[in-house]
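A.B. asks: Residues per chain, in single letters:
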Amino acid sequence: MPIDVIGRTFIIGLGIGCIFALIAMGLNLLWGTMRLLNVAHGDLIMLGAYTGYWLFILYEISPFRSAFIAALVCAGIGLIVYKILFAKSLRKVASLETLEANSLLIFFGFGMIIESVVSLLWGANVRAYSYLTNNVRLISISIGLNRLLSALIAIVGCLLLYTYLQKSFFGKAVRAVIQDKDAAELMGIDTRKIYIFCFMTAFGLAGFTGGLLSMLYAFTPFSGFSYTIYAFIVIILGGLGNLLGTLIGGLILGLIITFGVSLTTPGYGFIIMYLMFILVILLMPAGILGKAIR
Amino acid sequence: MRKRLKLILIPVLLFLFTIPFYGSAYTIGLLIALLMYSILAVSWNIFSGYTRYISLATAAFFGIGSYVPVLGWPELPFPVLVILGGVASSVFAFGVGFPCLRIRGPYFVILTLGLSELTKYIFVSYEINFRGMIGTHLLGGPSMEAFYYWLLAIAIIVILVDHFIRQSKFGLALSSIGGDEEAAEAMGVNTTRYKLLGFGISALFAGSVGAIIAFRWTYIEPTGAFNPSLTLQVIIMAIFGGTKDFRGPVLGAFTLTLVSEALGIRFPYYYTIILGLILILVIKFFPNGLLETIEKLVRSNTWETQNVRI
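For the record, the sequence lines run as chains L and D. When we follow our numbering, the leftmost residue of the first sequence carries the number 1, and every step to the right adds one. When we follow our numbering, the leftmost residue of the second sequence carries the number 1, and every step to the right adds one.
You may find that some hints are simply not true.
With a straight-line cut-off of 25 Å between C-alpha atoms, the simulated PhoX-like cross-links for lysine-lysine are [claimed, not checked]:
id, chain 1, residue 1, chain 2, residue 2
1, D, 244, D, 3
2, L, 181, L, 88
3, L, 88, D, 169
4, D, 284, L, 193
5, L, 83, D, 6
6, D, 6, D, 296
7, D, 296, D, 284
8, D, 6, L, 181
Because the hints were derived from the structure by calculation, they are not lab data.
Please build the complete structure, drawing on both the sequences and the hints.
C.D. replies: Structure below.
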């Protein structure tokens with residue numbers, strides 16, 4: 001592999017990695033804090049992508065703006081889902097295992113509903129549009145402006161969320177709930193508020209990600225599942241509940257997939273991805289940083 | 001109690017064995033679907049229901065079983081392919097189970113999901129790279145009646161196997177893993193061996209069903225054979241019915257197949273939405289399954305129960 005190809009692959013891999021990190025961020029927030037296995041996360045991303053798509057097609061709103069609208073829509077859904085399905089059951093948790101298993105099934109049903117409603121409303125055909133596709137040159141590498149900008153937004157978004165949770169008082173309260181819910185409650189933290197915050201942020205992030213993705217990749221009502229899988233891989237790579245790990249995990253996954261595909265044929269992309277997924281769970285379930293909370 | 005059981009069982013079996021002689025093609029088709037889902041749900045329950053290791057590998061077991069006829073038909077006869085389908089799946093389960101069954105909780109759930117998808121894409125790339133096309137037609141297979149009797153036989157076997165497992169030390173070991181694995185290990189239960197055996201048995205039945213259904217579908221391609229929504233349907237059925245013994249999954253498979261058949265005819269576009277709603281409602285309101293809810297209702301209305309349970 002010549003050096004300029006390696007450089008190019010590296011940059012593209014990092015760009016995709018930033019997006020992967022953003023895809024996983026919301027899910028890690030929900031899974032890490034509340035132990036809710038949101039398998040519908042990808043479906044919410046898909047919903048965000050449709051929001052971005054329609055706003056662009058019908059009103060020509062730039063995806064960089066409509067991503068925020070998609071975030072608001074999904075955050076609203078998050079609030080409703082929390083109120084109806086989880087507010088009561090989270091107060092009297094029998095055990096973490098039952099909570100995780102039950103939330104998995106509930107979210108699966110929820111994702112199924114989103115998928116069927118979307119395909120009923122707008123059909124199952126592939127959707128895509130092009131926006132800012134002109135190339136810019138970065139040193140000696142040319143890259144699509146939309147890809148460059150969304151990668152930058154993704155990495156800034158991840159870092160902002162991370163610093164907010166790290167530095168602000170409210171963020172510290174969220175992390176306290178991640179570490180020990182009962183102790184946090186005894187210290188006077190209103191866990192209900194934290195839960196609502198996590199639900200709305202996680203769902204909103206999914207919507208935001210979807211809005212950005214809508215201009216990069218084609219999607220169908222059934223694309224959600226593969227986003228969920230990407231998010232799981234990134235979270236496990238970076239460690240459950242570890243948001244900085246998620247950012248690093250996303251970058252690593254982006255690099256591995258881009259290099260894996262460019263070294264073999266594109267048909268092997270999925271095989272490499274799932275193989276890596278399985279190996280990571282088997283060999284380092286605590287993540288590459290080894291600081292997962294369990 | 002035994003007498004009452006016989007009184008119900010004999011007419012039911014008589015009905016099931018004679019239906020191909022007077023039932024319509026539609027009835028037999030529906031019964032084939034009912035038997036397929038019952039077998040898959042009971043076999044899922046043998047491992048996952050008792051050990052509480054929620055496995056999403058059913059699609060992989062089913063898919064591997066359904067690819068055995070693709071490779072062996074028409075050189076090998078149908079019965080041999082059905083058995084080989086089960087054996088191939090079982091071998092796969094033993095192979096991957098050895099490393100995977102050490103992982104617990106939600107990690108195990110998504111691990112088996114990834115495993116299922118990985119096998120799917122391996123078959124996709126096998127078809128693209130080595131055969132040059134995706135999908136295979138399986139023509140000249142046996143009749144609908146043959147599928148039906150084979151599935152009926154496998155259903156009876158899987159129920160008997162489940163029944164014997166529950167009464168044996170093996171069943172106790174599986175349940176003790178579901179209760180508290182560390183405690184079971186401390187009491188001297190070889191948990192690895194039992195988990196592996198349970199996983200393998202579960203795969204055996206799913207694989208043989210896959211081989212039969214491949215002939216019923218007559219066209220096999222990886223995304224259909226390794227469909228993750230099959231896994232989830234089966235799990236929903238088992239949990240919906242109740243995971244205590246084989247009756248729950250059978251009840252769940254029958255109810256949900258009939259409900260989605262009825263809904264699919266009346267509201268073909270809305271039925272997945274309704275199915276999703278049913279799933280959410282069941283988990284919220286009957287987390288222990290339909291069977292237990294019914295039993296509770298029956299128990300509160302009869303005399304004999306008062307001294308049975310405290």
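A.B. asks: Work down the list of hints and note, for each, if the structure agrees.
C.D. replies: A quick look at each hint next to the structure:
| no. | hint | verdict |
| --- | --- | --- |
| 1 | D:244 with D:3 | holds (23 Å) |
| 2 | L:181 with L:88 | holds (16 Å) |
| 3 | L:88 with D:169 | violated (39 Å) |
| 4 | D:284 with L:193 | holds (22 Å) |
| 5 | L:83 with D:6 | violated (49 Å) |
| 6 | D:6 with D:296 | holds (23 Å) |
| 7 | D:296 with D:284 | holds (18 Å) |
| 8 | D:6 with L:181 | violated (53 Å) |
The structure shown violates the earlier hints numbered 3, 5, 8.
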